[in-house]
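Line by line, the protein sequences are chains W and Z.
Anchor point for the first sequence: position 66 equals 66 in full-length UniProt numbering, and the numbering is continuous, going up by one each time.
Anchor point for the second sequence: position 45 equals 45 in full-length UniProt numbering, and the numbering is continuous, going up by one each time.
Hints are supplied without guarantee of correctness; some may be wrong.
The calculated lysine-lysine pairs, modelled on DSBU-like cross-linking and capped at a C-alpha distance of 30 Å, are [as the list claims (entries may be wrong)]: (1) Z/Lys158 to W/Lys166; (2) Z/Lys135 to Z/Lys158; (3) Z/Lys113 to Z/Lys153; (4) Z/Lys124 to W/Lys166; (5) Z/Lys124 to Z/Lys153; (6) Z/Lys58 to Z/Lys153.
I should point out that these hints are in silico values taken from the structure, not numbers from a laboratory.
These numbers were taken from a predicted model, which means no experiment stands behind them.
This is what each chain is made of:
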Amino acid sequence: MTHSTAVPTKPWAKKPIDYLRNLSFFLVAILSAYVVVAITPMKGKLGYAFTFFVAYAFITSLFALVSLGIPAAKDAFIKSFVALGAVMTVIPIVSILGTVLKNGLPGIHLGLFTHDMSMATPTDPIENGGLLHAITGTLTLVLLALIMSVPLGILTALYLTEIRGKFSGPIRFLVQAMSGVPSIVAGLFILSAVLYPIAKNYSGLMGALALTILMIPTVARTSEEVLLLIPNDLREAGTALGGTQWRTVAMIVLPAARSGLITAMILGVARIAGETAPILLLTGGGDKVNPNAFSGPLGSLPYYIWKSFNAGSPEAITRAWAGLLVLVLIILILFTLARTLSSRNVARR
Amino acid sequence: MNLNANENANQESGKTMTTSVQPSSLSSVASANPQRTESQRAQGTGLETRGIHAWFGKNHVLSDINLDFTAGSVTALIGPSGCGKSTFIRTINRMHEFIPGAAMAGEVLLDGKDVYAPGVDVTKIRLQIGMVFQKPNPFPSMTIGENVLSGLKLAQLKVDNKDDLLEECLIRAGLWTEVKDRLDTHGGALSGGQQQRLCIARALAVRPQVLLMDEPCSALDPGSTLRIEDTIRELSDTMTIVIVTHNMQQAARVSDYTAFFLSEGGPGHMIEVARTSEIFSQPKDQRTENYVTGRFG
């Protein structure tokens, strides 16, 4: 038995000198941005960002040209544009989150989660009243919409992928058209078709009905795409084992698509959780926690935010920002939950 | 609507054609299989096909297949790609009808009853005629154990002792010693050959009398192929096996009878069927000899 003296190395890995060089390029680019802004008429954040980008792209490309030649220089140049695209996509999101955090935090206090606004008006000091009615209202609306739209959406997707009936074409077209329906149209439809002639009263259910209309196409289309990814082999194997189509779909196709279907649900929730227009028309937006979603006005976060901004006083506007922060946090929590749930299922395979 | 009308027309023409050719082919089949005794037929383990034709849309892919499968034997179907072997075995357990535009004519007799007769419960037919596919396809959402027993759940069958059945099926498929300690893990972690044996075990759990295998070893390495061939030989004691293969050595190793299919530009048809030793040593047809000796195809 001979002993090998070889040690594992990574000749392709970056060395400290490379990191140092990149850092210096970065610093030089920042410095030149300052210099350019100082000596030219360009002003403001945009000027800095623009000159920094140009300088960084120029320096890295030049270095690549000198050390590795023209193809490498082109590569470095394109790379900086790709990075620019990625950064520019993230900027608005980060900026929104930052603004919401900055303006919302002063309005956050524990009482928000234990009190509602039945004993306070938006112009009261922030310590009075809270968001409880809005948070419970939003969760109620989302839950109701979820209960109604997920079965409908998944059944639609199953019709399109498993049954492939005569009406697949028209139904697919209509579902796609439905996903473009403006939310105010869904709200007005429920208002004129259900609320005025039948229910005659504001309630959470009315809002949830409108949200369901908005949510079904998202759930149906995402589920359809997920189900199409399930290999046909599995369906054939299930049928060849003596399963009826329904047993095969329920026992094999749906479990195999489980993580994707959860994603479809969450995308649907994200589509509707912050929806405002139909809520304004249909729920009546009460200031008191309403445990009954089927009768009486139901508060919700979007409604609360809209109402507080309209009140106009500094306290009311702080309330609105706090409401925004809570809404964003709820959606973030839902997303994270869905991601971990679906990735756990994938890992189990 | 137009397409449907054409299919119907095809089906009709196929049916009339079959009835016209059936009597002569019946007698020829009977004489070609002298081994088959009346007692075997009476045991109710028979699988016979009568004048099977198949179409995809207007494309006539399979013509007039008359083949008797002896109970407890292995029959290999050989022939070049596109000669209709896979289509033929998919007509036997009625998987053919899942392909859009598919049509067929003829009869598949299981214990003397046509599986295409009106009022036949298709799912029962597929329980009696199991199938193993070309690509291993264990169910990804189930563990190894659940995979083996999935047929029972799919068909809503009750069985007294699931653990015994699980062990029995895995032993017969030659997989038990490799997986007995990890029945609760997912099948995706197994090698390709193990996955295919898992699929065989899964097919055995519903106790079929016939097992159709569509190129079961084409995606596997030689070692796994030999394991599966051993499995096939052992299974043939208790069931009728039909195997499609492109591997001539495999056909020679595992089968008792071999049928040679050829398309020759038109629909695929059967050139001859005989004991495997005869097909490989003294085939009656020159085309069979050319094929098994590697001169074409």
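Check your understanding: Hint numbers the structure violates, sorted upward?
Key -> Hints 1 and 6 not satisfied by this model.
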